[in-house]
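Colleague: For reference, the chains in residue letters:
4 protein chains.
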Amino acid sequence: MQHRGQEASGIVASDGRELSRHAGTGLVADVFRDREMLSRLPGEHAIGHNRYSTTGPSSAQNVQPLLVETRSGPIAMSHNGNLVNYQSLRQFLENEGSLFRTTSDSELFLHLFAKSKAHDTVARLAEALSMVKGAWSLAILTREGLFAARDPLGFRPLAIGRKEGGWIVASETCALDLLGATYERDVDPGEIVHFTPDGPVSYHLPQTDERAHCIFEFVYFARPDSRVFGEMVDKTRRRLGHLLARHHPAPEGTDFVTAVPDSSNTAALGFAHESGLPFEIALIRNHYVGRTFIEPEQRMRDFGAKVKFNPVSGVLKGKRIVLVDDSIVRGTTLRKLVRLVRNAGAEAVHVRISSPPIIEPCFYGMDFPTREELAAHDQSISDIGRYIEADGLEYLTPEELLAAAPQGEGRGYCTACFTGRYPIPVNGAESIPHPVG
Amino acid sequence: MQHRGQEASGIVASDGRELSRHAGTGLVADVFRDREMLSRLPGEHAIGHNRYSTTGPSSAQNVQPLLVETRSGPIAMSHNGNLVNYQSLRQFLENEGSLFRTTSDSELFLHLFAKSKAHDTVARLAEALSMVKGAWSLAILTREGLFAARDPLGFRPLAIGRKEGGWIVASETCALDLLGATYERDVDPGEIVHFTPDGPVSYHLPQTDERAHCIFEFVYFARPDSRVFGEMVDKTRRRLGHLLARHHPAPEGTDFVTAVPDSSNTAALGFAHESGLPFEIALIRNHYVGRTFIEPEQRMRDFGAKVKFNPVSGVLKGKRIVLVDDSIVRGTTLRKLVRLVRNAGAEAVHVRISSPPIIEPCFYGMDFPTREELAAHDQSISDIGRYIEADGLEYLTPEELLAAAPQGEGRGYCTACFTGRYPIPVNGAESIPHPVG
Amino acid sequence: MQHRGQEASGIVASDGRELSRHAGTGLVADVFRDREMLSRLPGEHAIGHNRYSTTGPSSAQNVQPLLVETRSGPIAMSHNGNLVNYQSLRQFLENEGSLFRTTSDSELFLHLFAKSKAHDTVARLAEALSMVKGAWSLAILTREGLFAARDPLGFRPLAIGRKEGGWIVASETCALDLLGATYERDVDPGEIVHFTPDGPVSYHLPQTDERAHCIFEFVYFARPDSRVFGEMVDKTRRRLGHLLARHHPAPEGTDFVTAVPDSSNTAALGFAHESGLPFEIALIRNHYVGRTFIEPEQRMRDFGAKVKFNPVSGVLKGKRIVLVDDSIVRGTTLRKLVRLVRNAGAEAVHVRISSPPIIEPCFYGMDFPTREELAAHDQSISDIGRYIEADGLEYLTPEELLAAAPQGEGRGYCTACFTGRYPIPVNGAESIPHPVG
Amino acid sequence: MQHRGQEASGIVASDGRELSRHAGTGLVADVFRDREMLSRLPGEHAIGHNRYSTTGPSSAQNVQPLLVETRSGPIAMSHNGNLVNYQSLRQFLENEGSLFRTTSDSELFLHLFAKSKAHDTVARLAEALSMVKGAWSLAILTREGLFAARDPLGFRPLAIGRKEGGWIVASETCALDLLGATYERDVDPGEIVHFTPDGPVSYHLPQTDERAHCIFEFVYFARPDSRVFGEMVDKTRRRLGHLLARHHPAPEGTDFVTAVPDSSNTAALGFAHESGLPFEIALIRNHYVGRTFIEPEQRMRDFGAKVKFNPVSGVLKGKRIVLVDDSIVRGTTLRKLVRLVRNAGAEAVHVRISSPPIIEPCFYGMDFPTREELAAHDQSISDIGRYIEADGLEYLTPEELLAAAPQGEGRGYCTACFTGRYPIPVNGAESIPHPVG
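Those protein sequence lines, which keep their order, are chains E, H, W and P. 1 is the number of the first residue of the first sequence in the numbering used here; add one for each residue after it. 438 is the number of the first residue of the second sequence in the numbering used here; add one for each residue after it. 875 is the number of the first residue of the third sequence in the numbering used here; add one for each residue after it. 1312 is the number of the first residue of the fourth sequence in the numbering used here; add one for each residue after it.
The hints are simulated quantities; they were obtained by calculation from the structure and are not laboratory data. Honestly, I wouldn't trust all of these hints.
As the list claims (entries may be wrong) - Below, a sample of chain P positions facing chain H; criterion: calculated Cβ distance under 7 Å: (1) L1378; (2) V1379; (3) E1380; (4) R1401; (5) R1646; (6) E1658; (7) A1659.
Remember, predicted model here, so these are calculated numbers, not experimental data. Every residue, glycine too, gets a C-beta built ideally from N, C-alpha and C.
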């Protein structure tokens, strides 16, 4: 699942006695360049992690899974999400004499676990998890095997898969497909699962009916061939395209619909079908450059945007097009793309966004820039349209977005970035997003 | 142009006195990981190379551009193509006392150049080029600046671009687009161009009207947003889809058309438009894995195929589909894809190939496996269809392929891999393909 | 002071706000191969460390100086010596929830410091130091600058030097010489020194008159051009040679005295002068191999011994010699050397050792093997003489050794390895030597 | 034999079919850090090389052994020495179309060998060797096994050893000792030896009675425990000390004799014995720094000198000493040492050099600086004495030096650096010393 984090990668494996770790900064293919690296990780249980972060220089010490020794033996942890009470908890623990080795909020879990006087692993985990606030999907490894846990509001996805008597947890089901495993169910919000030799055993933190699934997973982050929050991403994303076409249709005279590849392909196809307009491939993506959104340095981001897309002028020449994108963060990339297609001969470029304007940062694990850098923070839609030099710009509304997301019992979404309604309060001290696991 | 070769990469730069080189095995991003590497390459002229090869273990010594000292100073060379009289020329030169440092046919140019007694660079180049047979598009660097040259039949593309008084040669025009340069024209078959401070000066090797442009560039190799042999690739590739739909239509009851992404996207769109069928995205490509075709080891190729594609089951479930691919080499990858989409719920999988069966290897620079490994060498189309487990399989014929390729004066194609008609004779001694530049 | 540890090396520097660290396994020249490494360590204060250890595989995480964050800011520490209550203190701290990141006893200092509720750095250090038992000479760095501290019995040396208003602490004065600094005095046993902008300020732990200077520093470990425990090593080491010659003289008919270079040169010269015999160089040391004693793996040690010495046959042929060595640990190297000189033509090889038999391991920082591996643990001197195939073997007695060491107020020696009298009790649980800093 | 070259290192091994090479810049221990490196060098024959050079930045391409393909198969070569007709031969070969890959004179052998039309390896070697002028001791590897060759004047040493039916050639016999091999004889000047399965077979180039053994091998370069030119180095070096004491005795009132360790130890011991004065160790050498003479960059050389020696002040205080050194090149290091010992308390420092003033550069493989940088090129002995701040300075004369060197049939010495009498003429074009193998 390299698409969920390209900054660092690691694996911790257990043979029931010792936990061995190999990790480093860079892509999986860089960190595990030599087969030898994998052979140094013996045993029957393992957890891995791909790190995604943009705040500050990426630091080797923050690479996950974290692995430490406690009085009851080694414990390793992979964390997806972001805690909102990191600063105050860290200060509390440092005053108690805990020595922090990273600047990542994920380390909190380990100190809290180590300090717990409870008598078994699950009880110590529960005690630790009761003190943290925010978004956390966790994979945990001890000599007793694999544990998984998820915060009570269920911000981030976490799926359970099964293969030949073995068990797998993963943020997205595309990882299960790759391994030939079957999707069983999600880890429930507020659930701790211990995968014992006799199968999964469940424990529950104090429960709530509220849910805060990250709706941005459907909009952009998850792969279209994955299932998250119990629903196929592709299906929801196509619905976003349908609703977008219905409520914000292509202007008269549009020749075809095209996508910013590859993240907007599905929504653009949905838009085209609903509109009855042809779908065309007008921008070619260079696969040797990573996803813009995910790269740490602005300078690299600009260079990346330039290398990443090339317009197909034979398709664009003299045409009036609708360009579908999934979201606008800063607007800088989209501005370049509109110019690219126009220089390649497009006569009119109408932009449709398959999500609402992003007006606030995320404190639960999505790595948006500061509020000030968000295009929609202080600009109207028509301002943004002018900035990106489009002949027209329309977004889905928050209501339309929610209408496209799967409904039903046990579902509910966090739309904080689109609405400013934060399911868990965040204060000023926490308002600079921290590195996420 | 990473897509043209992922095995090794290098740059030689000249400041008019010294030529400096940085090169290594791996992707461009690996070889030039540190900015520092680039800063060690001073001067106003430079040539680069991405190496693409599958025969034998890739060797550091074969990385291009090659750089040597001659009595008239340093010379560096990048070669795209493959020579057919390498073995006999090398034997001749070794008998004369030449010491070879690589196992690459590209080194021949340098020895022949060094041995020429002619009085200037162009004359020495011309003398060297008159002795080699095969496919060669060359970029050459000496203290006198940049030279380009192309074999008399024009097997491989070579475009000239211009930007603010500077000149660029590149295999494909997408490289010019990236740099904001304008496409001027191709290097003519049999032409040597010297880019002097006063502009390009042309010299000509003995001429012929015959042409042997590699038609496989249109089918698969070039990027769709490039122009090669004076024509947009996207346009020709879409025509391949049209002709395929016309002569080998989708069966009754087909629900939609889909592509093996990304190389077949354009042909599949062409097929869908011509058929009046919807185009759908049913396979998701993992961008963190390189192009199957280009990876050196079989083991990696299999693993790559597995990681590379994931079916979108929501789209496929219960559907009768046409899957368009650009070509079949061994058939192993396509067989896996047909299984993937069938397991994801497709009810019928009809495969359409936008080129004819590949029945013979290429000796001019396309890295096909040996004759025995080619699926179509000794199997009928229906055999192959059974092997890949498709409900139906149809190919374009060589005549249909040629009809789709751009016609007109100065055009002519090499179709050796589809027809066995080799424009330059090859004998048994040369029949094992050599590493190509 | 590479001779004090060849396994790993590191530096932490402070600019008064941030502490920066560069460290790694290997020699100083390997770890700081690039000048760039040093330039990444800005500021006016710094501490360094060379690690010396033989137990277990050397681990990157154990490399010093250790650097951690505490509630009062970052603190870094370099430790020379070994603690005897490591196991019980670690268990205590782990029960309290402290997360250990190394397997080195040196980490205890940091956890104890972090847990102290005292109000300033010196008080917190004093509290931490009151809990550890054993040998510790420490260099400590915080935003407040440099601190030094030494255990109350003064096992390991620690000198203070001065240069142009700057202050330096080092295990041996040869480091001061190299920097052009002047030796001021030693850090007193039980003293904590803070080097403030106004000069050193002293604090004292509970005092005792007892001293336990490691006498093995004079015998072997320190460089002859250093001063340790307030006395020149060369002077004491020469006295060892004198006393050895007086009490264990060369047999009649000895042609000359020679040394196992280089550690025994000084004692051998003392022996020769006192005996009135010529001193000869009969063994050549290969300077590209490190000190045998200090290399981690037995296999390397054997290979090292073989590469390290070559006899000068022209000098040895037909001669009766006295070979002086400083000590015998396992006896394997000396056995090889006796064979070497005999095969080179020596007629008689009498060995004299400038220290007593080593009968017990060290728990205070000298990296001897286990009791069972010590040649003198269960063998008589004449047994050892036979084992090393010498024509005669004599040692200094513990009394003679002590007589050669500098006397006077504030002096006293640990001779545990020669006598089994441990100044601080050690129990079985601690009897496997731990890695030392 | 790391002492003969520290800049680069390499091995080529042959299994009778293929020649495999591993080489790189740095010490042997760096280049062959991983055991794995050695395991990649299969076969029964091998040659190695340690490179020693100071002119220009050391370049990876110049690392030996060189390995090339010729029409008769692969050939590898290690060269010790320096050619004086490199420039003209290279120009000739480049005009013939030979492509040079290094800037090392050693490559000439390979081109000349490759161009020879002779019918077997020895004849082709002989033809190549007849064209080069200068100093060359060669180890050569082909599929036929190991060859050794030495120039007709025998500038550089080359010994043959034997071990259990195997044969070894090496510059110095200390390498044979290390391997447990027996010294058989030297490769004769003008001899080519092929080590066949039936033993060594000799061939001879045109012979001369003249000899030009490099006398500097005895003075400094060879290890004292080696035999070169058929004589133990230690014995000759001691004789240098004797003659130095006899003709240039210590002044009245000298307390002791000491050496610049380690290269002058033997001469200083000889001096002390002949004088009846005690020998003392007054300078301690830091073994973690290489030999000054051999390090490439001046900056490193200065730093090296500072780190390398530390005076033993207890020995020097108030003493009048004779300091013996083997030679003076620039005088900068010795000047620092005289200051060091004086600052450590020496009352008088008389310097004695166990060779004559170096007045000219070497063109046969000893890496002296340019004429202008040599202390003795334009300064009298008393000038130099003042420069190094000695209380007195005396050298051996060239006649005394020759008297100390072993005499007899088949012997004769090159003293060009001391006398300017070059056994093979060198002209201006060659007067900048080239990198030597």
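Colleague: A separate judgement is required for each hint: does it hold in the structure or not?
Modeller: Verification of the hints:
| no. | hint | verdict |
| --- | --- | --- |
| 1 | L1378 | 10 Å, violated |
| 2 | V1379 | 5 Å, holds |
| 3 | E1380 | 5 Å, holds |
| 4 | R1401 | 9 Å, violated |
| 5 | R1646 | 37 Å, violated |
| 6 | E1658 | 53 Å, violated |
| 7 | A1659 | 53 Å, violated |
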